[in-house]
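The hints should help you fit chain B onto chain A, whose structure is shown.
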Amino acid sequence: MIKLKNLEKYYTNKFVKTFVLRNINLEIREGEFLSVMGPSGSGKSTLLNIIGMLDTPSSGEYFFYDEPVHKKSEKQLTELHRNHIGFVFQSYHLIDELTVYENIEMPLLYQKVKAGERKGRVAEILDRFNMVAKKDLFPNQLSGGQQQLAAIGRAIIGNPKLILADEPTGNLHTDQGKEIMELLKKLNQEGTTIIQVTHSAENAKYGNRIIKLSDGWIEE
Amino acid sequence: MFTNNIRFAIRNILKNKVNLYINVFGFAFSIAVFLLISIYLIHENSFDKYHIKADNIYRLIDSENNSSKIDYRVSEILRTNFPEVNNSCIVQIGSQAISIAHENNGLFINNIMSVDNRFFEIFSIPFLDGKSVNPLPTINSAVISESVAKMIFGTENPIGKEILLRNNLPLIVSGVINDFPKNSSMKADLIVNAENDNFKFSFTCGDYNDKKSHRYPVNIYLEVNENADVSLLMKKINNHSNLFQPYVKSFDVISLEKMYLEDTSIGADTLKGNPYLLNLMLTIAIIILSLAIINYINLSLARQSKLNKQSGIKKIIGASRTDIVLSFLIESVLVTTLAFFVGIILLVIGLPIFNDIVKNSLNINVLLQFPYSIILVLFILLFGLFSGIVPAILISSFQPINMLGRASITRRKSPFRNALTVFQFSVSITLIFCITVIYKQISFVKHKNIGFEKEQLLRIDGSFIENSNSSNALLLLGKFKQFHGINNVSLTNGAPGKITNHLGFGVEGKDQLASIIYVDSTFLQTFKIKQIIGRDLLDSDIGKACMINKKAYEYLGWNNLENKRFNNGRPSGYEVIGVVDDFNFASLYQPIEPLCIIFQSTNKQYINVSIAKGKLQETMAYINTAWTEVFPYYPLKYQFYDDWVDLMFRNEEKLAKTVGLFALLAICISSIGILGLAIFTTENSKKEIGIRKVYGAKVKQLIVMLNLDYIKWVVVSIIIAFPIGWLVMEDWLEDFTYRTEISWWVFALAGVTALGIALFTVSFQSYKAAVANPVDSLRNE
Chain A
150 MIKLKNLEKY YTNKFVKTFV LRNINLEIRE GEFLSVMGPS GSGKSTLLNI IGMLDTPSSG
210 EYFFYDEPVH KKSEKQLTEL HRNHIGFVFQ SYHLIDELTV YENIEMPLLY QKVKAGERKG
270 RVAEILDRFN MVAKKDLFPN QLSGGQQQLA AIGRAIIGNP KLILADEPTG NLHTDQGKEI
330 MELLKKLNQE GTTIIQVTHS AENAKYGNRI IKLSDGWIEE
Chain B
566 MFTNNIRFAI RNILKNKVNL YINVFGFAFS IAVFLLISIY LIHENSFDKY HIKADNIYRL
626 IDSENNSSKI DYRVSEILRT NFPEVNNSCI VQIGSQAISI AHENNGLFIN NIMSVDNRFF
686 EIFSIPFLDG KSVNPLPTIN SAVISESVAK MIFGTENPIG KEILLRNNLP LIVSGVINDF
746 PKNSSMKADL IVNAENDNFK FSFTCGDYND KKSHRYPVNI YLEVNENADV SLLMKKINNH
806 SNLFQPYVKS FDVISLEKMY LEDTSIGADT LKGNPYLLNL MLTIAIIILS LAIINYINLS
866 LARQSKLNKQ SGIKKIIGAS RTDIVLSFLI ESVLVTTLAF FVGIILLVIG LPIFNDIVKN
926 SLNINVLLQF PYSIILVLFI LLFGLFSGIV PAILISSFQP INMLGRASIT RRKSPFRNAL
986 TVFQFSVSIT LIFCITVIYK QISFVKHKNI GFEKEQLLRI DGSFIENSNS SNALLLLGKF
1046 KQFHGINNVS LTNGAPGKIT NHLGFGVEGK DQLASIIYVD STFLQTFKIK QIIGRDLLDS
1106 DIGKACMINK KAYEYLGWNN LENKRFNNGR PSGYEVIGVV DDFNFASLYQ PIEPLCIIFQ
1166 STNKQYINVS IAKGKLQETM AYINTAWTEV FPYYPLKYQF YDDWVDLMFR NEEKLAKTVG
1226 LFALLAICIS SIGILGLAIF TTENSKKEIG IRKVYGAKVK QLIVMLNLDY IKWVVVSIII
1286 AFPIGWLVME DWLEDFTYRT EISWWVFALA GVTALGIALF TVSFQSYKAA VANPVDSLRN
1346 E
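Going down the list, the sequences are from chains A and B. Under the numbering used here, the first residue of the first sequence is numbered 150, with each subsequent residue one higher. Under the numbering used here, the first residue of the second sequence is numbered 566, with each subsequent residue one higher.
Treat the hints with caution; some may be incorrect.
[Stated by the list, open to error] Below, in silico cross-link-like pairs of lysine-lysine (DSS-like), each with a Cα-Cα straight-line distance of 30 Å or less: (1) B:K580 to A:K284; (2) B:K582 to B:K1252; (3) B:K580 to A:K261; (4) A:K283 to B:K871.
Quick caveat, the hints were computed from the structure, so don't treat them as lab data.
Chain A with its partners taken away, still in its complex shape (with noise of 0.2 Å):
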């Protein structure tokens, strides 16, 4: 599903490059949940970001279902990322201005989903993750446990293949944390593919595969 070859990421300053992924090779197989884990500064954010094609490498190649994504355009990526990939971020990352209802409807109209389809699509992540009740709070009125949820209900309402999830813990209590743990598990159970970043070794271990940066390289 993703394959990087000789993948690379650094800025440059005034002749000094500083480099935050070093010749990154690595195969991602459709199906999989790998943990990156890494302390901080190791490359770990960065490296999700240019798979969920948010971010583009310095130099190497970067090939998504053997499509070249480092040859696409903005177009084509938005198009990519937008059919494809789902995103959890460690502090959510709610339109604070909508309500979870609107929050989670929001990809779908993106991609030109019909009104009724939405209805039923936004009903239904609702009803699963048990938030019935909570759709027309603002962010602001949800705990952080919920708050995740509803981003998680985001990421995957318009059916992704892959969700990459950058600490999707990090802010959360431990039971809230382990829900969410077991949430991404049976998503992937389910066929996703998931990658997520994370500190904990625990929550590293809800992956099948485990791969460590450090100053940017992958120790396996």
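Same frame as chain A, now just chain B:
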């Protein structure tokens, strides 16, 4: 998607109230100003277009002299020789007030028009009463306006009734017309037949005894065939210039529709608009609109960290750049639409004030008419799109992952935003500068010594007094002289501001004409005009002697007055017995010209009264009573000389008031924007302030630090604004003969005012941020 976008935009707008108020009011004020100016522009551009044949009507110009005054006989020559000329007519409009009366009911009217019957065939003049074809059947026929008919005849039918013009000329009313509309450059309350020799208002000749040299200059209007090419027609006419000898050598035309704003010829009797004021207003409208747009852009960018996050999330969950841009545009169009409605309310409130300034009665309804209504809707749409497009493009261009980064903790602004702020300050400073110079100039000229005592000096109009009752004028003079509140009285023909007579000096090699005032022996005392050379006036000088002004003395190159005569006006001319110091007797826009003051005892056109200080009220009451006793059927018509001077500057005052009003609005809009900016910048720098406080910064230091950001840009703006303001005002002052200096204090005043406004606007925000508890701001982060 679209309806959802609108829903989300509304929620976004309502979420940030400060932003909403600032943007809506900023836009509303600028929209109100723009609409106000648009209404004015529409009105000024609508002049004379109501005539059905307006497209085909032209006024003839003597292109050699750039004059619209052409002998009346040219009209017929054109009509008979050029088939492209459908019709032509002659028009003269009197420049002086004239009295008309019916039985014992009299009044002064300002506009008397002398025309031939063809005038009514060419122009659209709706008749309320009487025939519209050949409405002036005899040379003594008269057509009157509806309002004059009501004033003189009340409910009586005026047709066939007699009115007495200037107390001695009987006319028969043959028609009543609607009052001329406001947007007509020619206006008349009384229309008389130009075939009557009494109504050939002007006359020139080379030699009075040589009838061939007599000319009767009028304005001539042509109605050309619908299909005629006017430039070809003019070529043809000019190729046949021999037909028009000896009256005119070459012709030009100006179309009726352009006459009001574009006519530069001399001698036109019609009203002229002020294209300078129109261009200025249009410029101000555009500046004010751009200030509001800048506010919007600046505030959007000040909220950038917040907007970035929202747009970043949208991009991550699948929004394309177009989706993001669209959401920004929907928001800005919604804000402008809301502002439009508030702007309409402001317009309704502001229109009467504006009408008062421009002395007009503009109406908002014009905006509802086609095509203006459509233009208005498009304007709002474009205005909204234009405001939203810059932040939309800027914010949507970021990579989504960078947009989710933490908000910046510094007060650093982008160069783009700095430039916008500097633009706003510069506009405000330039406007403050200009308005100060305009007022300084008006005050300079108003308080200039014009060479005679204009305070409490009154000019009463006696132009209706005929020779037959000139004894009444003397009777009135006697009454005035006895009254304790009156210092002096002088009867004159012609007066400062009312000189119509010009004569040659009769001195060889000196062809320039002198302006003439005929005065009695008390003229110099009444006007307190200083005599600088020559002897006192003697009783025996009346009818034989004159004085000239310094300008004439210099022009003639005389060294003394020995045997000097002014050789015109009567067979042996007049002895020049004195020279008076120069005084302004015409427009203060023109330098003083040579003048001759001729002493005679038969004057009665103007009664000039100098009123003692502190006795104005009782004297005016007395003058009224005395007037009614002597001239019971004529209203007292007078003007104070200081009002005459003031009136000369009505245009400048109109300009000053207009620029002042709009400058104030522009400054308000800029201030609103800067306030908004201050609110967001201090909000964004809460953490920085908190950290500085923790490390020992004092409140005063923090306020200075925050204010310095703005002071810096005010200083930059001053450097930009001063040269611009100086250039614009130097250009404007060029037109004045008597002009003020642009002193250093004008610069100082504009700079200090701008600085004051900026500090006043931002200081409270700075203070609020500086005194906040650092614990709160750091915890929030």
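Does K261 of chain A sit within 30 Å of K580 of chain B, going by the straight-line distance between their CA atoms? holds, 26 Å
Hinted pair K582 of chain B and K1252 of chain B, Cα distance within 30 Å: holds, 23 Å
With a cut-off of 30 Å on the C-alpha distance, tell me whether K580 of chain B and K284 of chain A pass. Holds - the C-alpha atoms of K284 of chain A and K580 of chain B are around 19 Å apart, at most 30 Å.
Quick one, are K283 of chain A and K871 of chain B close enough, alpha carbons at most 30 Å? Roughly 25 Å between the alpha carbons, so the hint for K283 of chain A and K871 of chain B holds.
Hint compliance for this structure: no hint is broken.
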